[in-house]
Each structure stands twice: as C-alpha cells, then as structure tokens.
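Chemist: One letter stands for each residue in the lines below.
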Amino acid sequence: MRSGSATPPGPGRQPRDDEPLVLVTTTDSGQRITALNRAAGALGFLPGMALADARAIHPALRVAHADLQGDERALIRLALWCQCFSPFTRPDFPDGVSLDITGCAHLFGGEAALVDTLAKKLDGFGLTARLALAPTIGGAWALARHAPVEKLIVSRDTLHKHMMPLPVCALRLEQNTVEAMEKLGLKHVGDLIGRPRAPLAARFGPFALRRLDEALGHEEESFRPLNPPLLHAAHCRFAEPIVTEEAIEIAIQRLACDLCVKLEKAGKGARRVELRLFRVDGWFEALPLATSTATRDAGHLAQLLGERLERITDRAGFGFEAASLTALTVETLTMRQEDLGEDLRAIRVGDLAPLLDRLVNRFGAQNVTRAAPHESFLPERASHSIPVLNGAGEHDWQAHLQHIQDGASFARPLFLFSVPELVTTLAGVPDGPPTRFEWRRVMHRVIRAEGPERIAPEWWRAPFGASRKTRDYFRIEDDTGRRFWLFRDGLYERDEEAPRWFLHGVFA
Amino acid sequence: MKQAVEVKPVQETFPPGAGPVQHTSGERAATTPPEKMGSVLEALRSRIAPQERFASAPRPSLSLGPEALDGALPGHGLKTGALHEVLPAGHGDFTAGIGFGVCLLARLLRQRPGPVLLVVPAHLSSNAGALYPPGLAALGFDPNRLIQVEARKPIDVLWALEEGLSHAPLAAVAGLLPDQARAYDFAASRRLGLRAARHGVTALLMRGRQTCAENTAAETRWSVSTLPSHKFYPGQAGPGAPHWRLQLLKCRQGLSRRLSQHWDVEWDHETLSFRLPAPLADPAPDHAFWQRDTSRTWAAAS
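Chains A and B, in that order, are what the protein sequence lines are. Per this note's numbering, residue 782 is the first one in the first sequence, and the count goes up by one each step. Per this note's numbering, residue 120 is the first one in the second sequence, and the count goes up by one each step.
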C-alpha cells in the first residue's frame, strides 16, 4: 500500500514548479504531508495534513517520501558552508541555520550587505530562504520563521516591536505548551509581555518564561557552534572565484603567512592544519595536513599544501570564492634565534622535520616509519614499525637483541617474510634440519645448518596469535652459499600429523 | 625574405702556459710529448674548476677495511657525497647485494652523524620479504638511525632519494630499485650524483639484476655474489659471517685493470669492517669436527 502510493521523482525527471508535489512521512495516524511545493500550497495543502485528504482534493498529486536524514545532512552541509561568513554556525534542525555574525558584518560591508550577499547566494543555490538578523538568538529564530517579510534586520531598539505580533509558537516552545497558551487566548508574543510572571510560570513552567526572556534579550543565551571555536586561523576572500592551481597557490602563500604571524604572536607552532576552499556552489574542499614537529614556517606549510593541490583543483567546480587555513592542533614553540652569521644557508644539524613532512605528505604517514623493538620472542612481533609522526625515541636495540637471540651473532635474517612460506623438505632425522628443501620451485641442498632455536608460542595471546605451535628454527646454508631461516611448525611426537616446514627469512 | 646569420668568431686570450683550447686532429695530439700533456691537462682542469656549478668540496672517503680493497679505489676508499650502485651478480644474490649495501651504510654511520633514509618499493615486502630491523642490527646497523619510506613506484623512490639528498642532516640515503626500473637512467643518476655532491650526503642505490640502464653516472658500481661460508671457527657452528664475492664493475677515475679483479670478503659485524678471509682455510666443512660436536649442529657434507 505504502510503496504503491509513492512516486518518487526519478533521477532523470526534475520536479516542475507548476505540478503539485508533496513529501510525506508515515506516522501513527497514517501518511502525513511534511513538505510541499508552491503549486501544492496554492491548492490549499498544509504540512501536517493527511495524505488521504490531499489525494481526495487533488487525485493527480505527486507524492514522494521525505528523506529526513538526507535533510539533516544537507542542513549540516549548508551550515558548514556558511562558515565563510562567520566561524560560528550551526544547523537548527529541522529547517534552519544560525550564524553568530558578531564582529563579522563589517567584512562584508555592513549587516545589510551581508544579508543581501547571503540571500543572493542561497537564491543561486535554488533555496528559498527567509533571513532575519536580530540581536538575540531567539529573536532571530522567531523572525526568520514568522516575520511577514523574507528579509529582516532588527536592531535592539526595534526588537520588542517586531516580536509583539508574532505567534507564541515563535518562542521555541514545546507543542503542548503552545496549545495550552492558545486555549487560554494567549495567541501572540505581545500577549505574554507585561503579564504577571508568577502565574505564567506556575501554569506553563519556568522554561516558557526563560524562552521569552531569551528572545527579548533579558537573559543571555549561549551559542554552541557546529565546530568548537578555532583559535588560530587565517581567512581570505577573492574578488573573483579562482580555479587555477597557480591562483590557489598564491592564496595559500598569503594564508600561510597570516597564520604563521598569528602563531608566532601566540608562541605556538602547528602540528595539524586544515586548508578549506569554499566553492561558489555551496560546498567546500578540505585539505588536512599533519607535520612531524610543530612549525610556523610559512614557506614550508605553503610548499606542503601546494604539493597536494592537484586533487583539489579537479574538484574546483565553478571556482573557489574564499579560503581559510586553520591550525587544528598547536604546540608551544619557543622563539628561535634567526641566523645572524654570514652563513645564512647553513643547515642546522638535526633539523629533519621539513624532509619528514615532505615524505609523509607524499607517501602517507603509514609509509614513513622508524623501527621500534617489542618485547617478544616471536620474530614477527619482535619489532614494530611506527610512523615518524608519532615521535621517536632512542631504543636499546643491543639489549633487545641480546635478549631475544641470547648473544648469538647473525641469528636474525635481513629479510623476514610477514607470512612464512611453506617449503617441502626432506629431513634426515626427525628433530634435525632438513637435508634438502624446495622453495619457490627451486631445490636447495643443505650444506650447513645450525639449530634448533626453539621459540615457544605465546600462549597468553593464543586466541589471537596465528601460531600456537612450538617452532624450531634452523639457520641453513645451501650449496651456493645462500642462507635461509627455516622453522618446523610443531614437534613430531606431540602432534598426530607430521609438522610442516616454513621459510621465514633470508640472510644476507 | 632573406635572413642572414652572421657568425662572429670569439677571440679568447689564454693564460700563459695553458695554451689555446682547440680541437686538435689526431696526429697533432699524438705529437704532443706526454710530460707536456700532463701539465696542459692540469692547467685546463684548474681553469674549469671554478666554472663547475657545484665545485665539489673535498669529502672524506670511506675506507672499507682491507688494504687490497681500498687500494683499488681512487681516494683510498669509497667517495662520500657521491652516488654508488650495488648490483646482485646472479638471480639468487639479491639479499647479498642488499646485505653488502647495509654493511656499507653501517660503516658510513660510524663516520657521520644523522640517520639513514632508506627508500624501498612497496611491493618488496610481498616478494622478497620486509627488511627486518633485528637482522639489520645483527649486521651492525643501528635500527635507531633508520627512517624507512615505502614508495609505490620507482619514480617515487627516485623522488624520495632526491629529497633526502638535499638534507645535510642525513648520514646517507639508500634506495632499492626493482628489477625493471625504467625511470632510472643516466639523467636520473646524474641528478642524484649532483645533489649528493652538493650536500655531501652519500647515496647508495641497490638495484635489481635485469636493469636496463648500464650507462649511469654512478661513482662506483659493485657486483655482489654469495659465497659459501668460508670456514668454521670452533664454538661457532653452522653458517658463519656473511661471505661475498665483490667485483668492481665501474669506478670513475679508477684504474681500469682493477675492474676485472674480484675480492672475497667477509663482514665483521663487531668491528664494522670487511676482512679478507685467511687464504689457507679450506672451504669444505671438516667432517671430523662435525662428528665430534653433534649436540648443537647437523651437517650434511657435500
């Protein structure tokens, strides 16, 4: 029944404005309309109406299911895009976005110009938006939804006057509170203003009065933006949208200089930065970057970002109109004396960070590694590789080797296979090394062998470890002088089937 | 429409003793007496030296240990701040080539502070296994001083090497190239060599066997093949120290007669030097020795 009634617009068929279209959701009392287009509104439909009633009025009505999650995602996306107007934005589910433009308006030529710019952009995206700018969050919320005009700028003095005629549902109250007020004849915000507060609070709870005070500016309300406030950031806007890589590079250099000046004033260095390029069509491209040490070298940052630009320019679309560079993670970085001597180009010994950053930037953090010993006798676990970005310390490899191989020299191979390779062997005696073995289709005759070096399984991690058998390792040299590290997986007397042989490493 | 191209001969003055530089015909060159030729060459070299773009400062050379080896090299050792290549001699000598390279790096690390940048192709670990830090440490290479980079393509390996060579804090830069690396040609090797010379960082390239480019600008090219363990020391059973046959395939400014020569060397991981094993020792295993000491070792005599 439900699926048969819905005719979602196909991908190739754009809904037309003159054709009534409604979006429905399924509730306890059947399918109800949640959104409609202008043509459907002209027929007298309203959100909340039952679909059956609407069908009765207009049988040719087009119906589609509402995608509520998709709406939420789109709203978050829009709120993020709005960050090119103000760093503090948030989505107001289900149908709005709030911006805290304190201190931002002058960048766009005043409040009116900002609202105009925003309206023009949203119109360009194909969104019908109602904008309101008010001194309080509650006031802006109410006026954007219930004001008689689509664009409204309200100052502190006129806020009271504009709020008076609005319905009480403009106060962000719960549905039953609104209904209770309307039953008592309190239909407008103006009806609440000036009334004795105690009876109102007793009847509708303190929350309703608090909402009223917040909307009118008698009480402070905190704004919780989508992202936590960012301390170190540089922004720039472009007169014309930019597309080319060269233009973006110039912008990045400017941003990097700005950011590094800010960081230097704060005595910080950036470990993680993010470049955001805001597209004209309502989305942004982000380019995160991590560095191995805290840095505020503008040239270095610009170079690292510039190396990865090609991925971005493919997705420029109609161009980028604004950009921001934000230091997401900062560390304290003390001032360093610039070179005063004549040899300005002398490279400071130990200053590897720029090289590591470039390598990580190109190959990825997982592919630039240092080695660290690990307390384990199992060869595959005896050493870890850790990304250079995770910091490095000096490890005592000599002690580690002494521990795992008991002082024997050349006891570990130069190359180790992460997965030991199965070999077929011919062994002289059950516990001895093989006399010949075949590896990768080549038969090797064993000339010299040393072992066994018995390595027991780590029973405490038996459920996770691949091997649960005792291994006997042999160092083996074949007739051409090549050396291999073979092991027998298991013991002869303990297991029913004959243990298999594996090749685990190759010596130099 | 006619265009006239006028070639204006350039008159140059030469310092006394240097003589004019001209393209001499073969017979005229032959008439120049050899002792005069030497002085002319010296004068020409001294004229060119200041015009060289990267006048290479004298760098210390890396002694390999045995006198026989060092004597074959022009600076009585491997030139640091230059590009060197290591090739496996045969199909099964891949690890021997890498091992020799690692030993050279270990020796170099003793001489120069800073870490080593080692660039390996990403498919190496699936094919030949991954370089194993305890195994590096067993050869005397301190894994603390290793920075390993995995690059996808040979061209990325070369890029990373060039980047590394521009950073003097590194002790050395080493790269592994797969068998068929077309990206590595004369131009690429020349770039690496120039960068190495400018910053004094030694570059070591461990190449695969079937490489296309034989004509490269490397300072030296070594070929390494595996040899059976030379001899047994009492108390050390089984395979002994790494034992290789080295051959110098190329050596700039070297003596050509050295090129056909080869050396059988062992690596001493404690003194970090190569040594020529005693020539008297019999490479065949001693049967009587094996029969006496059967508690730890097994051997099948050939």
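To be clear, the hints were calculated from the coordinates, so they are not data collected in a lab. Incorrect hints may appear among the rest.
Taking CB as the label site, the calculated pair distances span [stated by the list, open to error]: (1) B:Ala162 <-> A:Thr1115: 32 to 42 angstroms; (2) B:Glu389 <-> A:Glu1202: 41 to 51 angstroms; (3) A:Glu1219 <-> B:Gln380: 55 to 65 angstroms; (4) A:Asn1171 <-> B:Asp387: 26 to 36 angstroms; (5) B:Ala241 <-> A:Asp799: 56 to 66 angstroms; (6) A:Glu1219 <-> B:Ile274: 54 to 64 angstroms.
Using N, Cα and C, we set each Cβ at its ideal position, and we do this for glycine too.
Chemist: If you check each hint against the structure, which ones fail?
Modeler: The structure breaks hints 1, 2, 3 and 6; every other hint is satisfied.
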